[in-house]
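> Add chains V, B, C and E with the ligands to chain L, keeping to what the hints say.
Chains as they are written, first to last, in the working numbering: chain L, 26 to 382; chain V, 26 to 382; chain B, 83 to 405; chain C, 228 to 507; chain E, 2 to 267.
These are computed hints drawn from the structure, not numbers from a lab.
One or more of the hints may lead you astray.
Said to hold, decoys possible - Taking lysine-lysine pairs in the DSSO-like style, the calculated list, with each CA pair at most 27 Å apart, reads: (1) B:Lys115 <-> E:Lys64; (2) B:Lys163 <-> B:Lys309; (3) V:Lys53 <-> V:Lys95; (4) V:Lys144 <-> V:Lys192; (5) L:Lys176 <-> L:Lys144; (6) B:Lys180 <-> B:Lys358; (7) V:Lys129 <-> V:Lys95; (8) B:Lys219 <-> B:Lys202; (9) B:Lys134 <-> B:Lys210; (10) L:Lys176 <-> L:Lys95; (11) B:Lys259 <-> B:Lys397; (12) B:Lys309 <-> B:Lys195; (13) E:Lys64 <-> B:Lys102; (14) L:Lys234 <-> V:Lys176; (15) C:Lys317 <-> L:Lys95; (16) B:Lys102 <-> B:Lys254; (17) B:Lys333 <-> B:Lys115; (18) V:Lys234 <-> L:Lys144; (19) V:Lys192 <-> L:Lys192; (20) B:Lys309 <-> B:Lys259; (21) L:Lys96 <-> C:Lys317; (22) B:Lys259 <-> B:Lys219; (23) B:Lys358 <-> B:Lys210; (24) L:Lys234 <-> V:Lys144; (25) B:Lys309 <-> B:Lys134; (26) B:Lys85 <-> E:Lys64; (27) V:Lys95 <-> L:Lys192; (28) B:Lys195 <-> B:Lys210; (29) B:Lys309 <-> B:Lys379; (30) V:Lys176 <-> V:Lys53.
What the hints assert, rightly or not - Here are a few chain B residues that face chain E, going by a calculated C-beta distance under 7 Å: (31) Gln133; (32) Ser270; (33) Gly272; (34) Gln279; (35) Gly300.
In this text, a Cβ means the ideal position worked out from N, Cα and C, and glycines have one as well.
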Amino acid sequence: MAYLVLDQLTKRFGTWTAVDHVSLTVEKGELVSLLGPSGCGKTTTLQMIAGFLDADGGRVTLDGQDLLAKKPNERGLGIVFQSYALFPHMTAAENVGFGLEMRKVGRADRDRMVADALKLVGLEQYGDRHPRRMSGGQQQRVALARALVIKPSLLLLDEPLSNLDAKMREEMQIELRRIQRTVGTTMILVTHDQSEAMALSDRVVVLNKGRIQQVATPQEAYDRPANAFVANFLGRTNLLPGMVGSGAAGTVITIADSVWPVSQPVPPGPGALAVRPEKVGFVGEGGLGGTVLARVFQGTQWLFEIETAAGRMMVIRQHDGSPLPAERDRVMVGWRADDMAVMPADPEAASAAREAA
Amino acid sequence: MAYLVLDQLTKRFGTWTAVDHVSLTVEKGELVSLLGPSGCGKTTTLQMIAGFLDADGGRVTLDGQDLLAKKPNERGLGIVFQSYALFPHMTAAENVGFGLEMRKVGRADRDRMVADALKLVGLEQYGDRHPRRMSGGQQQRVALARALVIKPSLLLLDEPLSNLDAKMREEMQIELRRIQRTVGTTMILVTHDQSEAMALSDRVVVLNKGRIQQVATPQEAYDRPANAFVANFLGRTNLLPGMVGSGAAGTVITIADSVWPVSQPVPPGPGALAVRPEKVGFVGEGGLGGTVLARVFQGTQWLFEIETAAGRMMVIRQHDGSPLPAERDRVMVGWRADDMAVMPADPEAASAAREAA
Amino acid sequence: QEKTLYVAAYGGSFEQTMRKEIIPAFEKANGVKVEYVAGNSTDNLAKLQAQKGNQQIDVVILDDGPMYQAVALNFCADLEKAPVYDQLYDLAKMPSGKAINFGAVGTGILYNKAYFDENKIPAPTSWKDIEDPRFKKKLAIPPINNSYGLHALVMMARLNGGGETNIDPGFKEFKDKINPNVLAYEPSPGKMTELFQSNQAVIAVWGSGRAKALADTGFPATFVYPKEGGIVLGSAACQIAGSKNAAEAQKFIQHMLGAEAQTALAVSAGFGPVNKTVELPVEKQAGIPYGPEQVGKLLVVDWDTINKNREVWNKRWTREIER
Amino acid sequence: MVPYLLSAPGLALFAVLLLVPLVMTFLLSLNSFSFYGGIENVWQLGNYADIVADDYFHEVFLRTFRIAAVVTILCAVFGAPEAYILRRMKSPWRGLCLLIVLGPLLISVVSRTLGWALLFGSTGLVNQGLMALGLIATPIEFMYTETGVVIALTHVLVPFMVLSVWASLQRLDPQVENAALSLGAGPLTVMRRVVLPQIVPGILSGSIIVFALAASAFATPAIIGGRRLKVAATLAYDEFLNTLNWPLGATVAVLLLIANVVIIVGCNRLVERRYKQVFE
Amino acid sequence: MNRNGPVALIFHVLFLGFLLAPILIVCAVAFTSEGYLSLPTNGLSLRWFRAIGDNPEFIRAFKDSLLLGAVSSTLAILVAVPAALAIARHQFFGREAIQALFLSPLMVPHIVLGIAFLRFFTMIGLGGTFVGLVLSHVIIILPFALRLILAASTGMDRAVENAASSLGASSWTCFRRVTLPLILPGVASGWVLAFINSFDEVTMTVFIASPETTTLPVRLFLYIQDNIDPLVAAVSAALIFVTVAAMLVLDRVYGLERLLVGKGRD
Ligand SMILES: Nc1ncnc2c1ncn2[C@@H]1O[C@H](COP(=O)(O)OP(=O)(O)OP(=O)(O)O)[C@@H](O)[C@H]1O
Ligand SMILES: Nc1ncnc2c1ncn2[C@@H]1O[C@H](COP(=O)(O)OP(=O)(O)OP(=O)(O)O)[C@@H](O)[C@H]1O
Ligand SMILES: CC(C)C[C@H](N)C(=O)O
Ligand SMILES: [Mg+2]
Ligand SMILES: [Mg+2]
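Isolated chain L, as found in the complex:
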């Protein structure tokens, strides 16, 4: 049986529907990420699960029990708040120890567990400091330690790592994964960092304007997005207009002067080709011609913007030392037929895609 079930959960602020009939089942020990643009209702959803906002409709059950009927303090779940919500009058250690105290953990055990938790987030030397005297990232780590130390069976994380540097974030990600595996904690993670979501989650939930767009494993959602919004939201996508027709080798799509074989069944006529920038490479011939408008270094990758006859395209290449074109170079780009998706030129989908951008 599913561990956590959201059933048609709805929340309105005045006339604004922030969360709109959201249904979701989460298995025990699963880590599910909520993804979606800013303001799409992620925090609101978590706040309802936690009991800080009253739902305007729908049900939530945890382990078969009606959660909405319980008081927030009896739900026994751990939360990391987007705004940290640290107790300003307590030191870091007191903040972390608070939940243990509520659980009547003895002094000695508590001190040990608090020390461990602070160590975990790299703040062993900051136990005595008050939140106001800590940096943003330090505060966030205290919030994380406070939620982790009580080893809740359900953990709600609202952008818990947003103020941490890559190193620290990665460590924390590994830590979360470890806890999930060893303790079997069920986690719901809200994050704006897609690689984080991709790396950590068993499944991702993509939300837009309070509605669920897709629930799937990260790779599935990435590779087979349910709609243009998801395609666009999860990583960048090149959408190229073209014309679907029949060639010698079956269905093909013509983009400017290049022709690509299509394996899916698509009706002939105006269509669009979607291909992810990292699936596009620089080829010697047989591709789409263009000029490099800009190249941007992104650490492990380079991002290219290419002006082609079919419009602008983005190309991502790994920074692995292989020779790459420079700005203003003339290039030829190509991709494997398997990596592209072709869809009819649907005005609605196109507009949705624009909106999500």
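Same frame as chain L, but now just chains V, B, C and E with the ligands:
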């Protein structure tokens, strides 16, 4: 002449030195990022430039004028605060309009500029809302709009995009770049997101424990880190212990059973080889043998953890559809001699590297 | 620019009478405006002391006891001669010649007739009746900084073989016999009224004028002079030394002594007249010490002795009785 | 420099209008008094010696501070939760209830105490009600007792506590309470461990106001307590107004002032130190 | 925001009951037809309300009280706000002493202040004047204003003010546009509290009020010294009605909540 000059800037909190003799020159129109682990003094540095914290030592000049002598409100710079610091009693539009009002911009112009700024951050419909009723990302965008709308000549950005999703973040990055180019705004950006820093910055400043470690262009810092801390902090690095010796073709380093030519002058004896995970590829032969422990999907990339005879290694490969090994596969990894750095096995550097991890 | 004359005097029923019946006539006749400063004797005396050297009050009206003190403290100026003084009984004159008694009331016992009838208690006839255990926590007496309370103390001393010069028996009586009955030592006439109206107190030592005012509201309260005798309480006025309106102040005092004002005070406030020319119809005389014979039946206390010892008595009172 | 400039108007005002009169009062307390002689301009400490030596004064001062302390505690215990409850109420009700809480302040202490006197008397509504309910056989004595004074003073002063706690509650971030709930703290614990420490400045302000007003209250103890239940203010009042022994009254006042200052400043220090992080 | 639990509501109702009890009884008594204080058992009557009309000095005193309260609490706020900011924001030599000084009128029994002011004002020729009343009231109500403003401004998020000054707001503008609105609940409560205290002060004012300029509570106090009759209750009741009406109007026009809670909050 340099536009902004920090000269031996220092700040102590009690006995704790948060910023330690930081010197830096920034040219007009440049975008410089401050990078460093959480708590390293980034916010503190910005706060001193802005005038909210009194420096305990050092000088700051802007355009040749002593900045520390000026009152904060006369410094004319724009700031996005890590904690947003929105005026809770004003609506989003009032927040954004405040700076214009201070500059005595007429009502009509002001309304137009506020509307434009809100549009820029995608909040055109939220002008009337109070911060308490907005999502985290929305608040952050209000903070950004508030700082941008006054078109300051110096803009201090303290993790301005940390709560935005990738799409929105990218748009904002492009917007910041555009403003920098067209308006000529000088920007100092604090970010924990390295790809953001890499993508946006003309130069990056890497800080650790209040001290500057390196000032360089992003690629320089990435490819030629000044020390192990920087190497480790900017993206992941594989550090492999080995033995430097002389072979037929000159100096070589032996890692487990594989041998690599060394072009730098390194004394023979125990040494270490550093190579970035994305520079490592799977090769047919002539590499280092190992087993895939884990592979993690990260959106545009896959991260592999490989157990080799010389220790664990990380390998990043682009998710471009080419065939990749599965978990528990036996593989052979290799890299180009140009992409590796060899250093003597220095206990201090090693410990520094460990610390930064 | 009309002159303003400040008159400090008692509040309550007395104030109403002054405002309605005595002041308007004076204002009209003399073209001055009168401002009435309400307050009990000790309050007003304190005000005089505070404003010493820069007095704002022109005329003050005090109980006779405090008036002796005011005179002794040099707050009062000499009274100017005027024909009206010749119409007064002798008992109106105060020895110093700086103040004049313009009326008298008597101290006696007030009781709730309805309560007494209901509980078949006979009306009180003696000062000692307030010691009756049936009145446990039902007796109210003003404290000794109030003239009524002081009278009660002196009376108890006298009944037990002492007097002004030997006050000990009085204290002893209060401490042993009266204290258990006392609900409150209540100086405020307003509060005293309220204690009666809410039936918390059914018997009290109080003044005839106040009793009359209470009875006039329709409340079934009856006032008696005990058989050992009631005590006369004079009410005196003086012109404040250094008053900027000395002439008007003198005129005001004279006005108060006039037949018209005296009649009004008697009828509305229950003050026994001091002007020989005043004739009250018999039905209006009830409850008023009227004329020298009636006033003469009332006992007098020796203020000189009292005032000399007052400080010591006050101290004893607060420590032994009001504790 | 800035802080001095900011406090300058107040300092000037106080120097002229408060210090001068108080110094005059202190000087007065050194004078002597006799009934017929009035105040004499001699300089001596006799009044202080009298008070220190006399256990009558000790009793009065002790009673004063006992009442003030109990009233302060009661106000804090009832006023602070009430402010918290008010803050959690929904919009139209909150305004209304706030009005009910603040409204009484606008009605003269005299009238309010009169109301209590009406309720309290042996024949008052409270006793009649309790007797009708069979809870008590003989009337409870409220009038002229410390209990009555404490109840009436609490009534008079508790709105000050509510108001002052209310002001400091405005700064609280509701998410912080949510955080505590999520960690398993019950509503009471949240209040005690999370809300309370953060509103300490408000409670402290309220307590100082309440304690000071209770310790120097005059009208209520005078009306409910009567003359036998003297407190320092009524004692001073008596000396000033009845015996006219101003030097002694001034001495009582100066001592009350000193005791007040010592107690309040002491508690203030203690609390501020204990909760110093919320006062930063 | 969550609602209150049943226990809290019961507490709340009892609390309001406690607050209202004596006031309601005073109001009830005001309608008695008897000549003395009693519950209106023999039918309601407005005679005591009509009696207020015969005592115009109550109405005059009421007006004086209003004016005095408004003027003195406004002055007190003007002095208290900068002082509170100095104390809350800065560490400086003498801070504690200054704070203690500003709070000291709280600790001086009002009776003492009454005598002290009376002697002082008499000496400098302000005795019995409105100016004297205002000045003395400013002194005694300042601690209330100061305390509440202090409570509101300690621990306020400085970053918000920093944001304002980074946008070019001068100290004054920053204060007016950001700090003040944020501490406004404190300032407003402070003003209200100051007003109330001024409006309600008897003990001290008894001494310095002159017959021409006297306050309503002083009038009432002096009145009940000598007569406790339902007129006092009627005046009190009338005062209660006026207060409630004023509050309701204020609520309609400006919003009590907005005043006491501040804008943009839940
Ligand atoms: N008011 C203060 N008192 C004492 N220490 C402080 C204070 N403010 C900051 N610190 C300490 O100074 C150090 C630098 O803080 P700063 O806020 O500059 O970090 P940061 O680089 O911005 O970190 P982050 O990325 O987490 O925001 C931190 O270790 C912090 O704990
Ligand atoms: N108290 C409120 N009153 C009115 N609208 C609100 C309130 N709280 C949130 N909203 C609105 O509801 C929507 C959902 O908000 P929510 O905080 O859930 O977004 P989010 O998905 O967490 O966004 P972010 O990634 O920016 O934090 C937003 O558009 C927000 O403006
Ligand atoms: C003669 C009386 C009117 C005066 C008296 N002291 C009283 O207040 O009752
Ligand atoms: Mg959110
Ligand atoms: Mg920071």
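> For every hint, state whether the structure bears it out.
We went through each hint and held it up to the structure:
Note on Lys115 of chain B and Lys64 of chain E: the hinted pairing holds, with a Cα-Cα distance of about 21 Å set against a maximum of 27 Å. The hinted pair formed by Lys163 of chain B and Lys309 of chain B fails the criterion: a straight-line CA distance of about 40 Å is larger than 27 Å. Simply put, Lys53 of chain V and Lys95 of chain V have alpha-carbon atoms about 20 Å apart, close enough for the 27 Å limit, and the pair holds. Distance hint between Lys144 of chain V and Lys192 of chain V is fulfilled; the C-alpha atoms sit about 16 Å from each other, no more than 27 Å.
The hinted pair formed by Lys176 of chain L and Lys144 of chain L meets the criterion: a straight-line CA distance of about 16 Å does not exceed 27 Å. For the proposed pair Lys180 of chain B and Lys358 of chain B, the alpha carbon gap of about 21 Å is at most 27 Å, so the pair holds. The suggested pairing of Lys129 of chain V with Lys95 of chain V holds, with an alpha-carbon distance near 21 Å, which does not exceed 27 Å. Using a Cα cut-off of 27 Å, the hinted pair Lys219 of chain B and Lys202 of chain B holds, with the two alpha carbons roughly 18 Å apart.
Proximity of Lys134 of chain B to Lys210 of chain B is assessed by CA-CA distance (about 43 Å); at most 27 Å being required, the pair is judged violated. Distance hint between Lys176 of chain L and Lys95 of chain L is fulfilled; the C-alpha atoms sit about 20 Å from each other, no more than 27 Å. For the proposed pair Lys259 of chain B and Lys397 of chain B, the alpha carbon gap of about 20 Å is at most 27 Å, so the pair holds. For the hint pairing Lys309 of chain B with Lys195 of chain B, the CA-to-CA distance comes to about 18 Å; that is within 27 Å, so the pair holds.
Note on Lys64 of chain E and Lys102 of chain B: the hinted pairing holds, with a Cα-Cα distance of about 23 Å set against a maximum of 27 Å. This hinted pair does not check out: Lys234 of chain L and Lys176 of chain V have alpha carbons roughly 32 Å apart, beyond 27 Å. Distance check on the hinted pair: Lys317 of chain C and Lys95 of chain L sit about 21 Å apart at the alpha-carbon level, within 27 Å; holds. The straight-line distance between the Cα atoms of Lys102 of chain B and Lys254 of chain B is roughly 45 Å, outside the 27 Å bound, and the hint therefore fails.
Our distance criterion of 27 Å between C-alpha atoms is met by Lys333 of chain B and Lys115 of chain B, whose separation comes to about 13 Å. This hinted pair checks out: Lys234 of chain V and Lys144 of chain L have alpha carbons roughly 18 Å apart, not beyond 27 Å. Distance check on the hinted pair: Lys192 of chain V and Lys192 of chain L sit about 22 Å apart at the alpha-carbon level, within 27 Å; holds. A hinted pair counts as satisfied when its Cα atoms are at most 27 Å apart, and Lys309 of chain B with Lys259 of chain B qualifies at roughly 19 Å.
Note on Lys96 of chain L and Lys317 of chain C: the hinted pairing holds, with a Cα-Cα distance of about 19 Å set against a maximum of 27 Å. Distance check on the hinted pair: Lys259 of chain B and Lys219 of chain B sit about 12 Å apart at the alpha-carbon level, within 27 Å; holds. As the CA atoms of Lys358 of chain B and Lys210 of chain B are separated by approximately 35 Å, the hinted pair breaks the 27 Å bound. Under the criterion of a C-alpha separation no larger than 27 Å, the hint pairing Lys234 of chain L with Lys144 of chain V is consistent with the structure, at around 18 Å.
About 43 Å separates the Cα atoms of Lys309 of chain B and Lys134 of chain B, which puts this hinted pair outside 27 Å; it is violated. Restraint check: the Cα-Cα separation between Lys85 of chain B and Lys64 of chain E comes to about 24 Å, which is no more than 27 Å; the hinted pair holds. As the CA atoms of Lys95 of chain V and Lys192 of chain L are separated by approximately 37 Å, the hinted pair breaks the 27 Å bound. Restraint check for Lys195 of chain B and Lys210 of chain B: the C-alpha separation of about 18 Å stays at or below 27 Å, so the hint holds.
A hinted pair counts as satisfied when its Cα atoms are at most 27 Å apart, and Lys309 of chain B with Lys379 of chain B qualifies at roughly 11 Å. In summary, the hint linking Lys176 of chain V to Lys53 of chain V is supported, as the alpha carbons are separated by about 14 Å, within the 27 Å threshold. The interface hint given for Gln133 of chain B is met, as the beta carbon of that residue sits about 5 Å from the closest beta carbon of chain E, less than 7 Å. The interface hint given for Ser270 of chain B holds, since its Cβ lies 5 Å from the closest Cβ of chain E, which is under the 7 Å cut-off.
For Gly272 of chain B, the interface hint holds, since its Cβ comes within 7 Å of a Cβ in chain E; the closest pair sits about 4 Å apart. Because the closest C-beta pair between Gln279 of chain B and chain E is about 4 Å apart, less than 7 Å, the hint holds. Contact between Gly300 of chain B and chain E, as hinted, is supported at the beta carbon level, the nearest pair being about 5 Å apart and thus within 7 Å.
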